[in-house]
Amino acid sequence: MPRCLVVDDDSEIRTLVADYLTRFGLPAVAVADVAEMRGELERESFDVIVLDLMLPGEDGLAACQWLRTHSSIPVIMLSARGDFMSRVIGLELGADDYLAKPFELRELVARINAVLRRAVANTDGAPQRPSLVTEFNGWKFERSLRQLISPDEVVIPLSTSEYRLLSTFVDHPRRVLSRDSLLDLAKGPHTDVTDRSIDLAVSRLRQKLRDSRGTAQLIRTVRGEGYLFDAAVTS
Amino acid sequence: MSRLFADTLFKRLFVLMWLALIASHFIGYFAFHVSAPFVSAANDQSQSSAAAGPGAGPALPALRPSSPAQDELPSPLAWLAGDYAIRALVIGLAAWLGAMWLSKPMRRLADAARILGTSPSAVPLIDETRGTQEVRQTARIFNRMQQRLTERFAARSMFLAAVSHDLRTPLTRIRLRLESLPSDPLIERCYADINEMNALLDTILVYLREESDAEPRQRVDIYALAQSLVEDMTEAGHSIAFDGVPAVAYGQPKSLLRCLSNLLDNAVHYGKEPEVRVSVEGGRVFADVLDRGPGIPDNRLEQVIKPFFRLEPSRNRNSGGTGLGLHIVRELAERNGGQLEISNRPGGGLRARLSMTRS
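If you're matching them up, the sequences are chains G and R in order.
Using the numbering used here, the final residue of the first sequence is 237, and nothing's skipped along the way.
Using the numbering used here, the final residue of the second sequence is 592, and nothing's skipped along the way.
Derived from the structure by calculation, the hints contain no laboratory data.
Certain hints may be false.
Which chain G residues stay away from chain R? Per the calculated CB distances, all over 12 angstroms, these [what the hints assert, rightly or not]:
id, residue
1, Gly27
2, Glu42
3, Val224
Derived, one-sided and incomplete: chain G residues facing chain R with beta-carbon distance under 8 angstroms [unchecked claim]:
id, residue
4, Asp12
5, Ile15
6, Leu18
7, Val19
8, Met56
9, Ala82
10, Lys103
11, Leu107
12, Gln149
13, Glu155
14, Pro159
15, Leu160
16, Ser161
17, Thr162
18, Glu164
19, Lys210
Beta carbons are placed, not taken as given, at the ideal position from N, Cα and C, and that holds for glycine.
The whole structure should be built from the sequences, with the hints applied where relevant.
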């Protein structure tokens, strides 16, 4: 059973979160600050850390950075600031996901499960942590900003489904991905994705990836099997 | 003593006028005496009534020859006209130079004020070591004002970040406590209230944060932006029509997205048949958000853009309106070199038009 470590300076919040997670099959330990977190990590092993951004003493961002250099445990950042920049900074410093307070506990559980799923998927050879800016064929994919930069430097915003789809493609370049596996990998916590909507999202994404120079199709259809992202990805 | 040699506006103007006067005399002298050698030097000293014209004060020695006895000379009227033309030219040139002197610091001040008006910055905007004493003093005062404004903005942002944190923590606690209770219609309503409070916090913070937001300006595909937004809202269960042409504008991507998203939220909340259209005309890109709702009475179209103004407070409360949406759109649009226009559509409903600079 995956074990969680909850770090939040508010005693009631961390107790409520830890109790809820435990009830939903994610046994959790709650601690109040970064020092306690380190102590707990030395004693036991955890599969995911839920970390508040604003903590007394050493704050969450610094803790996240420290965690990234010392382990590969997935981190979900919680923040009461909820602004765009703290989200970007959190993800840049190595958090795997970000949740703004006040959050729904159901949402937290869904995010934890998604992060754990990704961590398992990562063991089969894919890059350990998706980097925030990826490049392919002159395009830039900025994940934290959910946008593409075309080879002629135009910002192209992506919808949520296009973003998820492209993330999946970029994480698995030059591999045939069946519709089923795309559905599985590109699914968000609250969305209802069908085969048909995957095809639709692919065609829209193709439209956005068509640049002025008319280069070859980046997303190829593999008949009877699915789709293949045909580009060398660097990050 | 230093005051005596200080570079003041008075001294600059005095020297300029003095130089203009001397120059006009010299040019006049050369024009009439050197190029017309038949005029005797004695004529210089004579004071004629014609010389005391409105252009030449009593201090000016007359240049006009005034001996009507010499038949070969042009008429005194022609002399007068020629002399006045030369003086007008020289004085005009001097006035032009003087105006440049005077208006240059004013232009710098205007530029600095414009920059300050759009984004407060910590770097002093005007050079305090250039220009006359008066100009330097104005620059110093302006820079000090700018510094104070910037400090105040920074303090306010800090304060707001703190408030939002301190309000969101108890909100989180309430939310979590509610979640540990068995489901109940009353609890659902509490959730709705929490969401409303949080949405208000979000909007206010966004509104106040925009001032200090330094998102770089880039070329943005507005067609893709509008289409992504429509798609996300469609996924959330709204039905929105979309139509457009490829269009690239110059601006801040996240700000433009926020603009369009606020307009579309309004159309979805208050109107029917929401629709987004992207078009291009000359140097502008237009994103129109249309609906078939009740529209807004013509005499209140200006008011709805004002902060915290609500058309029908009772109705808007339940839909989470804060009265800031349109105001934020206008502020952001203007900062991006764009505009927000709101009008009623023929046949009912509202049209909100966001115009942007084409790239």
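Checked against the structure, which of the hints given earlier come out wrong?
none
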